[in-house]
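Following the hints, complete the assembly by docking chain R onto the known chain E.
So the protein lines, in turn, are chains E and R. Here the first sequence stands for residues 866 to 1046, where the numbers follow my numbering. Here the second sequence stands for residues -19 to 539, where the numbers follow my numbering.
What the hints contain is simulated information worked out from the structure, not anything from laboratory work. Certain hints may be false.
[Stated by the list, open to error] In silico DSS-like links for lysine-lysine, alpha-carbon gap of 30 Å or less:
id, chain 1, residue 1, chain 2, residue 2
1, R, K254, E, K885
2, E, K984, R, K534
3, E, K950, R, K466
4, R, K429, E, K984
5, R, K254, E, K950
6, E, K896, R, K401
7, R, K536, E, K968
8, E, K984, R, K26
9, E, K968, R, K429
10, E, K888, R, K254
11, E, K888, R, K536
12, R, K466, E, K968
13, R, K483, E, K968
14, R, K114, E, K968
15, R, K429, E, K936
[Said to hold, decoys possible] From the structure, some residues in chain E lie toward chain R, with a derived Cβ separation under 7 Å:
id, residue
16, H902
17, I905
18, H909
19, Y938
20, V940
21, Y944
22, G1003
23, A1006
24, S1020
25, A1022
Where a beta carbon is used, it is the ideal one built from N, C-alpha and C, also for glycine.
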Amino acid sequence: MATIPVSTSASVPDPLATDKRYKLLEAAMRKHGYQAHALIEALHTAQEAFGFLDDFTLRHVARALRLPPSKVYGVTTFYNHFTLKPQGAHTCVVCTGTACYIKGAQRLLAAVEREWHIKPGGTTADNTLSLLQARCFGSCAAAPVYSMDGAIRGSAAAETLVDDVRHSLNSVAQAEKAVDA
Amino acid sequence: MNREELTHAAETEQQAQARYEHHVHVCTGTACAALQSEQIVTDLKKELVKHGLQRSCHVKSVGCPGLCALGPLVKVSGAVAANEASPAASDQGTQYQRVTPQDVPDIAASVASGAPVERLRLPTDTPFFTRQHKIVLQNCGEVDPEKIEDYIARGGYSAMLKAVGEMTPQMVIDEITRSGLRGRGGAGFPTGLKWATVAKADPGRYPLRVPQGMSARKFVICNGDEGDPGAFMDRSVMEGDPHRVLEGLIIAAYAVGASQGYFYVRAEYPLAVKRLRTAIRHAQRAGLLGNGIAGTNFNFDVEIRLGAGAFVCGEETALIASIEGGRGVPRPRPPYPAESGLWGCPTLINNVETLANIAPIVANGAAWFSGIGTEKSRGTKVFALTGQVQNSGLIEVPMGISLREVVFDIGGGVPDGRSFKAVQTGGPSGGCIAAEHLDMPVDYESLAKVGSIMGSGGMIVMDDSTDMVEIARFFMEFCMDESCGKCVPCRAGTAQMHGLLTKIQRGAATSRDLDLLSGLCDMVKQCSLCGLGQSAPNPVVSTMRYFRPEYDRKIKGAS
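One chain only, chain E, in its complex shape:
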């Protein structure tokens, strides 16, 4: 956190004024009267709006709730759900809960690693795919389970997962090409 500029200079437009997503964050904090207990709710709202929590946003939340930045940073890093890094365009989450573990979740992770050379928590160099692991989706009857861009799929084999991820990546690439054309 040490290297972060405290305020934006006059020549740079203020993101608080120009970026509409900050309005959502503002509303969440206002709802709780800008009190300290709104911190986690505010972080949830910010992460939903921005996809991750950058230092500017964390400082903004700290100022608005009158909390020391160390407390905001501490809470953000305590909880697994919050992320400080931007995610790839697509996210594949493999469940590594007990039922999925017994039924071969490691094979799914290994397949993604083999194919795209990323470990859990990592993002491909071209920022197209992030691989995450989850504690438990609570869909254990369909183990092993993974989710591709939010859609949960069950009873997965490593090959179907790889096909599915490739399909998601390709379909968007094609759509982009179509738009460019």
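For chain R alone, coordinates are given in the frame of chain E:
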């Protein structure tokens, strides 16, 4: 809303439903929704129009009916007359399994013709259905979770209005105490005793830190932070019957004198959060939440707080710290939350399943509830039966049933011709139970005696191909990652135990390492601050107890 208005609302809805000749229930819980069950609902509605049945057939999205392994599940049943809209009457019908959107035209045609689609039919006379005893899950798979009228039509909120309108808080607490209900979160603390402590607690005894503008001085919290991997009971109940949990929470608030409540739910359960939000909004609109509930001076409101992926937040003091907006770190008890909890105020924390038991107890009486189960463990327990078992899914059984009945009769045994090795209960805090204890009754004391715990209800079946040392290592890795880091025995102990287990798995350990591991287990268990650390060694202790040869075989120099 008072009792007359509630009865009127129930009758209106029952009559509205009785106008339909056919009822189709489609499970849209998380597991079935992953297999396109929402598409099935949309397609089915369109398809029924083709048969001209849109006015006589009612298609309803429902919560989890239990057998997730064979989902998506669709149930078609005939008319239910208004005067017999009892759960038993609507349980009849044809159950279909593994339905895909391609099967929809056949199902629609069968509704029209009356002849069931045999290839999809799921027999309901199997032990999976007949051996269960549903109290908590009574409405799951029957009621539309996003429609308060449907819940009311099935007798919902009448227990709450009975408690608030006709009983004193003390009478409610006495009823719960007499029922013998114990906390379903795992530890099994008597619920009535917990309620009585909060009711008696004086909000001024400990320093208060209540935020500005908040008038409440006592709180109730529903613990929906179901963090055990392999457990999904609470998710299914919150998704399938959110009003039941809300009703339990309102009754609890009335009994202990709280005016503000919280649902603390995992962020990983978006559907449960959405359905609870809808339920709260509908209850507020119906006057079942807010100021002056049922024409009395009882005020109560509820908010939802999202968890953020920390297992330790299932521990009550950590959960409170999280609601207060801080890191979910536990603190030493006493004082217990019942005396000094949220913002220093007396706070009641109950698990989702505990609260789902409240309305039936108030409605049917303590004697009815205490007639189910065993001497010390009354009522039923919901389990998430998963792993290497034929019928994985959600089940509810009376306490005292044997593990053998659960795994082999209800669960259908181990698939693929393999043999049973162990069943794991209680997640990372529990233990593995070996085959020799299969005939043991399932209750709090018996499970503790064999080195496991009841836990929140995850039950994972393992077959002979499972490496028990690897399972112990898996759970220890979980506890190591999830340790909040506040106390040294847990923070350092879990890391050391994980290191030793990894060493054993690598084949580099000596018999001295095994001794060291058991010594560490004892130390972490005795010295840790909260339940996470105190129970973290359980998987290691229980696997070493029942599967010691597997450890010995991996020791360096073993042949």
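Hint check: 7 Å Cβ-Cβ cutoff, Y944 (chain E) to chain R: Where the cut-off is 7 Å and the nearest Cβ of chain R is about 3 Å from Y944 (chain E), the hint holds.
Pair hint outcome, K896 (chain E) versus K401 (chain R) [Cα-Cα no greater than 30 Å]: violated, 53 Å
30 Å limit on alpha-carbon distance, applied to hinted pair K429 (chain R) and K984 (chain E): Outside the cut-off at roughly 41 Å; violated.
Restraint status (C-alpha distance of K114 (chain R) to K968 (chain E) at most 30 Å): Judged against 30 Å, a Cα distance of about 29 Å means the pair holds.
Per-residue hint verdict: H902 (chain E), partner chain R, C-beta under 7 Å: Nearest chain R Cβ about 4 Å off; hint holds.
Agreement of hint G1003 (chain E) with chain R interface, Cβ distance less than 7 Å: holds, 4 Å
Satisfaction of hint between K968 (chain E) and K483 (chain R), Cα-Cα up to 30 Å: holds, 23 Å
Restraint check for K254 (chain R) with K885 (chain E), where alpha carbons must lie at most 30 Å apart: holds, 24 Å
Agreement of K888 (chain E) and K536 (chain R) with the hint, judged by alpha carbon distance not exceeding 30 Å: violated, 62 Å
Hint validity - A1006 (chain E) Cβ closer than 7 Å to any chain R Cβ: holds, 3 Å
Agreement of K950 (chain E) and K466 (chain R) with the hint, judged by alpha carbon distance not exceeding 30 Å: Roughly 26 Å separates the two Cα atoms, so the pair holds.
Agreement of K254 (chain R) and K950 (chain E) with the hint, judged by alpha carbon distance not exceeding 30 Å: Cα-Cα ~27 Å, so holds.
In summary, the structure is inconsistent with hints 4, 6, 8, 11, 12, 15, 19, 24 and 25 from the numbered list given earlier, while agreeing with the others.
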